[in-house]
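Visitor: Sequence:
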Amino acid sequence: MAVQSALGTNLPETVEAIRTGVVGIRIPVHLEQEPLLSALAGEVPDSASCAGDSRAELLLRQTLNDLLGDCERTSITNFPDRWGIVMGTTLAGMRHSGSGLRDESSGHTARSDVSYGHTVASSVLSHAIKNLGISGPTINVSCACASALSAISHGCTLLESGDVDFVIAGGYDPIAEFSYGGFAALQLISPNTLSPFSKDRAGMKIGEGVALVILRRLQDVPLESSQEIIGYIAATAETSDAHHLTQPHPTGNGLAAALAQVLDVDHLPNLLIAHATGTLANDAAEYQAYRSVFGSRLKDIPVVALKSRFGHPLGAAGALELIASIACAESGFIPTSAGASCDHEAFPDLHLLQGEVPTGAPREIVALSAGFGGANAALRFVRGAGHPTSESDLKNTPSLQSDRSILITGVGAVSPAGRGIDAMVVRTLNDDTWGELELSTLAPLLDHSKTRRFALLPRIMIAAIRDLVETSGLTPEELSTTPLIAANWCGTPEFTIQYYCDLIASGINLANPILFAESVPNIGSAHCSIALGIQAASLSVIGRRTAGFEAIALASAKIKTGAWPRAIVVAAEEAHQVTERILSRCANQPIQLRSSGIALLLEHGVIGGFARGRRSIAITKCIGRTAALEPSLAESAVLSALGPSNGLDQLCVTSSSPLDQNVQSLNPNVTRIRMPELGATSAFSTIFAGVSMRELSDKPLSSVTSDPHGACWAVTLR
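The numbering of the sequence shown is this note's numbering, which starts it at 73 and goes up by one.
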């Protein structure tokens, strides 16, 4: 485990600060703009070396270096493609956007485009890991403030599915004007002390941090190394409120559902880590969740609210609180909350730990996180080495279902070709001309009264999923219990640029709350879960052109291990002239970017069968490789992993985009399918164009896609 927090630049410093009652919320010095004089925030101390636009990359790199010892680095050298990363974030490289806009307004367009290019999560991660040598799958996930626990959950599943043998998981976020201005505009930042569950609570304090763990399968750890095991993750869960973009459901029903799924039915946890932001609505809803799950037993569970010491570190939150609590327990004490006293009239039976730290070493720890869009995550951790000792410990441990395949049983699409995947394939195979996506294509699939203020990206995603639902016959009951992963590369550029321009012009204290909410990276999955009533897991895979295939990898692993019954994966992109300009500069030639979206329904099934009225397509491989220093190495590694591709045993396709041109240059047997640049949707489009080209052949079909920041992914189908 390794962290950086407002309490210290490493885990021992953080633990000692908690033991001595330190609060790390102070006057911020690394915000791009100066807030009101009374503003305080949780900044990593003594972090001048991480100043500037690249603060996220530098903090993440330092924590990775702290995490990996000689043994881990030797393992990476020997097994580079068996190491993977699942990283949670809410901001990624958003600090670069402000510099880009300021440069552009000063006429420095070329310099601004470089800054914009560093905004996406793929850039942050590639710069942070460039000297580590990890070449396995690396994935960026976002579900707002539940991102870190979600990343750990999906890291566990990648291990259980056998896709990797080692996973680095957790989350990060730097302090930034983007988030500070947005939360201030939503009137969620407290002018007073951060005091969760108190009568005087008035909001949150922005924080920052990085929190990472190394995960392995227990059975892979040699017996002689068993003492190095800190503990094991007994259960994880993710749910959605399907209620509101910025407010939790008042009953806390989504958080309660996640909490109930991870509990050991035989006994209560020894410590409950609350999300506890200190806002009026969140603390009240969270308490209702506790009452609905624990009832009268709530008074017997110690609860800690650590954001009162860290501030709110956003994408690092759940993992930072969990790691700090584990390390405190290893040091023989239980962490406590800061702030005003608990309001026992409003929160009777809440055993909130405050004051001096008590001695103790809690064994079972449950952590909770909640975020924008109603995303919830819960995790149960059991300290100590050795195998799970009771049946209840193993109740949520998935098992591989190797006798069945992952099938694509439904598809929906919206594109410049119109509605439906068939129209998109016909346009791809027969027409050079691609106009803009017409809003009239989306209109029949959207409730205009509810979506008129949405950014374009979530509207595309909702429309693609509605087309999927209608063509596949997915019932409302099935839809509400179907987990969703929404994939995109460049987010919502129109609203993000508007928000940032306003933030710069009006100042950090007068930002636009509507534009802020529509600019967060998980906006697609958030709006989809609310609009479609999805109460299961809902998250976004962000910041890469390969995000669609990365989402397929995560969903397939969950289904293969039995954790999910099925999943919807939607990939979409919102075109914008600034994005198109940046991509053209990156490729050294003009790139035509078009808005589009494709939604897939993934389920278990038998290859060659029929499902939901159509012949299903089986996913037999999903391969991801990373080469932060040299992107062509990732493409070469993926093509090698696919096996022989001489045009006789399989059809291998990629897009005609300049961003995929290296794939064909490395293997001339790869067919480039003519289409404009569709961002994260490109790879999905090549799948169905390739299926049409293959017709009824029994040959496998492989689709390959690349990201400029050094990632390549492929999916093989039958």
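Derived by calculation from the structure, the hints in this document are not laboratory data. Check the hints yourself; a few may be wrong.
As the list claims (entries may be wrong) - Derived Cβ-Cβ restraints for the label pairs, each shown as a range:
| id | residue 1 | residue 2 | range |
| --- | --- | --- | --- |
| 1 | Gln319 | Pro84 | 49 to 57 Å |
| 2 | Gly715 | Thr505 | 31 to 39 Å |
| 3 | Ser737 | Gly545 | 38 to 46 Å |
| 4 | Glu702 | Lys522 | 28 to 36 Å |
| 5 | Gly124 | Asp770 | 20 to 28 Å |
| 6 | Gln333 | Asp519 | 29 to 37 Å |
| 7 | Gly507 | Lys271 | 57 to 65 Å |
| 8 | Leu511 | Gln333 | 36 to 44 Å |
| 9 | Lys522 | Asn502 | 30 to 38 Å |
| 10 | Gly490 | Pro548 | 44 to 52 Å |
| 11 | Ser297 | Ser178 | 27 to 35 Å |
| 12 | Thr146 | Gln664 | 24 to 32 Å |
| 13 | Ser764 | Pro637 | 42 to 50 Å |
Claimed, not checked - No farther apart than 30 Å at their CA atoms in a straight line, the calculated lysine-lysine pairs in the DSSO-like style are these:
| id | residue 1 | residue 2 |
| --- | --- | --- |
| 14 | Lys693 | Lys202 |
| 15 | Lys693 | Lys771 |
| 16 | Lys271 | Lys202 |
We put the beta carbon where it would ideally sit given N, CA and C, even for glycine.
Visitor: If a hint holds in the structure, say so; if it doesn't, say that too.
Guide: Here's how the hints hold up against the structure:
1. Against the hinted window of 49 to 57 Å, the Cβ-Cβ separation of Gln319 and Pro84 comes to about 38 Å, which falls outside the hint.
2. At about 36 Å, the CB distance of Gly715 to Thr505 agrees with the hint of 31 to 39 Å.
3. Checked against the hint of 38 to 46 Å, the pair Ser737 and Gly545 passes, with Cβ atoms roughly 43 Å apart.
4. A hinted range of 28 to 36 Å for the beta carbons of Glu702 and Lys522 is inconsistent with their spacing of about 46 Å.
5. For the pair Gly124 and Asp770, the supplied restraint of 20 to 28 Å is violated, since their beta-carbon distance comes to about 55 Å.
6. As the Cβ distance of Gln333 to Asp519 is approximately 31 Å, the hint placing it in 29 to 37 Å holds.
7. Hint check: Gly507 to Lys271, Cβ distance near 59 Å, so the stated range 57 to 65 Å holds.
8. For Leu511 and Gln333, the Cβ-Cβ distance of about 40 Å falls inside the hinted range of 36 to 44 Å, so the restraint holds.
9. At roughly 36 Å, the beta carbons of Lys522 and Asn502 sit within the given window of 30 to 38 Å.
10. Range check, Gly490 to Pro548: Cβ separation about 26 Å, and the 44 to 52 Å hint is violated.
11. Between Ser297 and Ser178 the Cβ separation comes to about 56 Å, which falls outside the hinted range of 27 to 35 Å.
12. Taking 24 to 32 Å as the suggested C-beta distance range, the pair Thr146 and Gln664 does not conform, at roughly 46 Å.
13. At about 29 Å, the beta-carbon gap between Ser764 and Pro637 misses the expected band of 42 to 50 Å.
14. Among the hinted pairs, Lys693 with Lys202 is consistent with the structure: their alpha-carbon atoms are about 26 Å apart, no more than 30 Å.
15. Distance hint between Lys693 and Lys771 is fulfilled; the C-alpha atoms sit about 14 Å from each other, no more than 30 Å.
16. A distance of roughly 48 Å separates the Cα atoms of Lys271 and Lys202; the hinted pair therefore is violated under the 30 Å criterion.
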